[in-house]
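K.L.:
Here are the chains, one letter per residue:
Protein chains: 2
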Amino acid sequence: MDLENNLFMLPGPVKMHPRVLAAMAKPAMAHRSAEFKAVNKEIKELLYYLFQTKQHVTILSGSGTAGLDAAIGNLLRKGDKVLNITNGKFSERFNLVCKIFADPTEYAVEWGKAPDLDEVARLLEENEFKAVTLCHNETSTALTNPAKEIGALCKKHGALLIMDGITSVGSIEVRPDEWGVDICLMGSQKCIAAPAGLAGLCVSERAYGMLHNEASYYLDLKAHIDKLEEKNDTPWTPAVPLYLAFLEALRMLKEEGLENRIARCHRLAEATRAAEAAMGLRLFPDPKYASDTVTGAWYPEGVGDDIRGLLRDEYGLFIAGAQAHVKGKMFRIGHMGIAQFTELAATFAALEAGLYKKGYKDFELGAGVAEVVKRM
Amino acid sequence: MDLENNLFMLPGPVKMHPRVLAAMAKPAMAHRSAEFKAVNKEIKELLYYLFQTKQHVTILSGSGTAGLDAAIGNLLRKGDKVLNITNGKFSERFNLVCKIFADPTEYAVEWGKAPDLDEVARLLEENEFKAVTLCHNETSTALTNPAKEIGALCKKHGALLIMDGITSVGSIEVRPDEWGVDICLMGSQKCIAAPAGLAGLCVSERAYGMLHNEASYYLDLKAHIDKLEEKNDTPWTPAVPLYLAFLEALRMLKEEGLENRIARCHRLAEATRAAEAAMGLRLFPDPKYASDTVTGAWYPEGVGDDIRGLLRDEYGLFIAGAQAHVKGKMFRIGHMGIAQFTELAATFAALEAGLYKKGYKDFELGAGVAEVVKRM
Numbered sequence: 198m199d200l201e202n203n204l205f206m207l208p209g210p211v212k213m214h215p216r217v218l219a220a221m222a223k224p225a226m227a228h229r230s231a232e233f234k235a236v237n238k239e240i241k242e243l244l245y246y247l248f249q250t251k252q253h254v255t256i257l258s259g260s261g262t263a264g265l266d267a268a269i270g271n272l273l274r275k276g277d278k279v280l281n282i283t284n285g286k287f288s289e290r291f292n293l294v295c296k297i298f299a300d301p302t303e304y305a306v307e308w309g310k311a312p313d314l315d316e317v318a319r320l321l322e323e324n325e326f327k328a329v330t331l332c333h334n335e336t337s338t339a340l341t342n343p344a345k346e347i348g349a350l351c352k353k354h355g356a357l358l359i360m361d362g363i364t365s366v367g368s369i370e371v372r373p374d375e376w377g378v379d380i381c382l383m384g385s386q387k388c389i390a391a392p393a394g395l396a397g398l399c400v401s402e403r404a405y406g407m408l409h410n411e412a413s414y415y416l417d418l419k420a421h422i423d424k425l426e427e428k429n430d431t432p433w434t435p436a437v438p439l440y441l442a443f444l445e446a447l448r449m450l451k452e453e454g455l456e457n458r459i460a461r462c463h464r465l466a467e468a469t470r471a472a473e474a475a476m477g478l479r480l481f482p483d484p485k486y487a488s489d490t491v492t493g494a495w496y497p498e499g500v501g502d503d504i505r506g507l508l509r510d511e512y513g514l515f516i517a518g519a520q521a522h523v524k525g526k527m528f529r530i531g532h533m534g535i536a537q538f539t540e541l542a543a544t545f546a547a548l549e550a551g552l553y554k555k556g557y558k559d560f561e562l563g564a565g566v567a568e569v570v571k572r573m
Numbered sequence: 198m199d200l201e202n203n204l205f206m207l208p209g210p211v212k213m214h215p216r217v218l219a220a221m222a223k224p225a226m227a228h229r230s231a232e233f234k235a236v237n238k239e240i241k242e243l244l245y246y247l248f249q250t251k252q253h254v255t256i257l258s259g260s261g262t263a264g265l266d267a268a269i270g271n272l273l274r275k276g277d278k279v280l281n282i283t284n285g286k287f288s289e290r291f292n293l294v295c296k297i298f299a300d301p302t303e304y305a306v307e308w309g310k311a312p313d314l315d316e317v318a319r320l321l322e323e324n325e326f327k328a329v330t331l332c333h334n335e336t337s338t339a340l341t342n343p344a345k346e347i348g349a350l351c352k353k354h355g356a357l358l359i360m361d362g363i364t365s366v367g368s369i370e371v372r373p374d375e376w377g378v379d380i381c382l383m384g385s386q387k388c389i390a391a392p393a394g395l396a397g398l399c400v401s402e403r404a405y406g407m408l409h410n411e412a413s414y415y416l417d418l419k420a421h422i423d424k425l426e427e428k429n430d431t432p433w434t435p436a437v438p439l440y441l442a443f444l445e446a447l448r449m450l451k452e453e454g455l456e457n458r459i460a461r462c463h464r465l466a467e468a469t470r471a472a473e474a475a476m477g478l479r480l481f482p483d484p485k486y487a488s489d490t491v492t493g494a495w496y497p498e499g500v501g502d503d504i505r506g507l508l509r510d511e512y513g514l515f516i517a518g519a520q521a522h523v524k525g526k527m528f529r530i531g532h533m534g535i536a537q538f539t540e541l542a543a544t545f546a547a548l549e550a551g552l553y554k555k556g557y558k559d560f561e562l563g564a565g566v567a568e569v570v571k572r573m
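Read top to bottom, the protein sequences are chains A and B.
Heads up: the first sequence begins at 198 in the numbering used here, then just goes up one per residue.
Heads up: the second sequence begins at 198 in the numbering used here, then just goes up one per residue.
Note that identical chains are pooled: a pair holds if it fits in a single copy or bridges any two copies.
Lysine-lysine pairs mimicking DSS-like chemistry, simulated, CA-CA at most 27 Å apart:
| # | residue 1 | residue 2 |
| --- | --- | --- |
| 1 | Lys428 | Lys526 |
| 2 | Lys296 | Lys278 |
| 3 | Lys238 | Lys212 |
| 4 | Lys212 | Lys223 |
| 5 | Lys286 | Lys234 |
| 6 | Lys296 | Lys275 |
| 7 | Lys327 | Lys275 |
| 8 | Lys223 | Lys451 |
| 9 | Lys526 | Lys485 |
| 10 | Lys424 | Lys524 |
| 11 | Lys419 | Lys296 |
| 12 | Lys485 | Lys571 |
| 13 | Lys345 | Lys241 |
| 14 | Lys419 | Lys275 |
| 15 | Lys352 | Lys278 |
Just so you know, the hints here were simulated from the structure itself, not pulled from any lab data.
Since we're looking at a predicted model, the values are computed, not measured.
Just need the whole structure built from these sequences, with the hints factored in.
P.N.:
Given below as C-alpha cells:
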C-alpha cells in the first residue's frame, strides 16, 4: 500500500491536484494581513460563482458537519418545527443536529429510494414546518435527491429549505437561487478537490434576515457572512493553509468551468454505471436517482468488504465500503472533483481483476473497462 | 515584501518548520483508515505529554475559539454562574462566549495588570460560582496571569477552572493536573508551531463527568474525547492535512523536550526584554507578569503603527501591533514555538534601524542586539 501514489477513488476526501498541495504548504501567513484579505476576496468571488448565487456566501473553518451545525443552530430555535427528509446517513445527521436546536419531524425513506414528492407535499400541507432539511446528494447511498422539486414544494408552503450540498455543489448542478434553497452548504474535500476542514455556505436573503447568534460563538454564521462580504475577513482565526488550498482548488474549477466539470462528472458516472452493468453488478440506489459524483453497487454474491483490502494492497486502488446496515453489502466509487477518465479505466481494470481473484467471474475480463473507454 | 522568506515574529501564527509544511502537503488520506488512526494515536500520546496530564485530551477541527466555545458550551448551562477574569482581548472573549451559554460575572482588570488575588478570593467566597475562566497568557497585552495561584483558589472554593492556554501550552509551564485546571485549551498555530485550525484540549476527570451534548453537534467535546481515547478516531470529518502537520510539530516538540522549549522561550523573552530596555523602550504589561512567549512594549513618542510597514517592506520583519484601545500605542514581538536566537538578533537589528529611520534615536545603534547576543 502506498499512501502517496495511488488511485484514490473515494467519495471524499478526493485526490488533490499538486497545485492545491503546493498552495497549502506555503509558510505561515498572518490572517489579518492585506495579503490574506486578498485571498478571502478571491474566495468570496469564486464562491458566488460556485453556488451560482447573487445572495450571501461564507466559509467556516470546520468540516461539513460544522456547516450543518451552523445552518440549523443559527437559523432555528427550540420550538421551531422542521421536517427532516432522510434516506441515508447524512440526511439522518441533519435529524440529529435538529434534535439539539429545534423540534424535528423525520420523514424516513428507505435507503437508496427517493422521497415520495406527494408525501412531502402532504406533510407540508398538514403541518406548519418552518423549515425542511434535505441532503441533495446522499453520499452514503450514492443517490441524488430531487432538490429542485422539493425546493418548489417548500416555496409553495413558505418553508425554508436547508440543503446539504456537500457532495453535489461543484460537480452536480445546484441552483440555490432558482430552486429556493435558503441555506446550501458544501465541503472542501469533495467536488472542488481541496483538503478537508472547510465548509462553504450560501444563504438566501430571507434566511440571512432570520439568522441569530444565540446558539454558538465559533459558528456564528452571520458574523462569518458579514466579515467576508464587507471586509474580506473572518471573525476568528481561520485555518489559513486550508484557505490557500481552497482558493487554488476554486481557481482550478473556474479554469475548467463549472458546467464543464458537471458535464465531466456526469460522463464519468455514466461510464461507471455502464461498466458495472457490463460486469453484472447491480446499482444500490434507484437508477433513476443514481448520483453523478459517487456510484454505489451491491457486491456480487460471495464478495464482501475484504476485496477493498486486496484492491488497495495489490493495485493501490482506494474505493469505499458502506455504512450502517448496508456495511459489507455494497461498495462505492467516487468520481467527483478532478477525477479523470484514465483513472476510472484504471479503477475498473483493478476492480475486474480483483473480482476474479475473489471468485466472481460472471463477466468477461475487460468488459467493464471497455464501457469506460467507449465514453472517453 | 516577501510572503515566503521573511522574519515572522508574530505572537501567532508563528513560523512553521519545513518538516511541518511537508507533512501537511501529503496527498489525500482517508480519515477512517488504519493509517489515520495511527496518526490519531500518536497525536493523543503527544497531547498527554504536551499537557503533562493523566486525565483526558482531545482535538477539535477548529481554531482556538472553537475550543473556547466547546469548553463553555459543553460544560456549563444557562443559569450556571461563572466568573470571567478579564484583562485583555482574549479573556474578554471568554465573557462573550459565556454570555451565550451561561450566566457570567466579569471581574475586569486593567489591560496589562494582573488580577488581584485577594479580590478573586473575595469574589469566590461571596458568590457561588460554578466555574472561573482565565486566559493564562493574554496575548493581547503580553501578560501571563498567575494561573497556579488562581487554580488553588478555585480548588479551595470548589469552582471549575476553564483556562485558555492558547499561547502558553508548549512554551510556558502549564500543569493542568497539579494546578487544578479542569479544561485547558491550546491552539495549533502558537507554541507548537503548527498551522492554524486545530484546538487541543485537556479535560479533568471532574469536568469530563459533567460534560453534556446539548449545546452543539459539531463541537461535542465528550464525543471527541471518547472517539480519540477509545478508538483513535474522530466523530466527524477532521481537517486531515492539519492533523498531519500537527503531529509533525508535536514530534518536534518531543524531540526538543518540553522543558527545553520552555527554557528556550524564557531565555528568548529575557533577551527581548533586556534588548528593549537597552533601547529605552518600556514594557506594556506589569514587568512582574511579562510573558515568555510574547513581549509587548509601548512605542516611543513619535513612533506609531506605520513602523510595522517599514519593517516589513524594508527588512522582511513581521511583528504585531495591538488591538482595541491600545491599537497604535504598543507593539508585540512573538518568541514562542521554534523561534531562534539568531532570528531574535535579526529582529532587533531591523527594529533598531527602523526606529532610527522613524526618528527615535534615544539609544546607541547595536545596543538592543548586543543584549540578545549576550544571552545566546
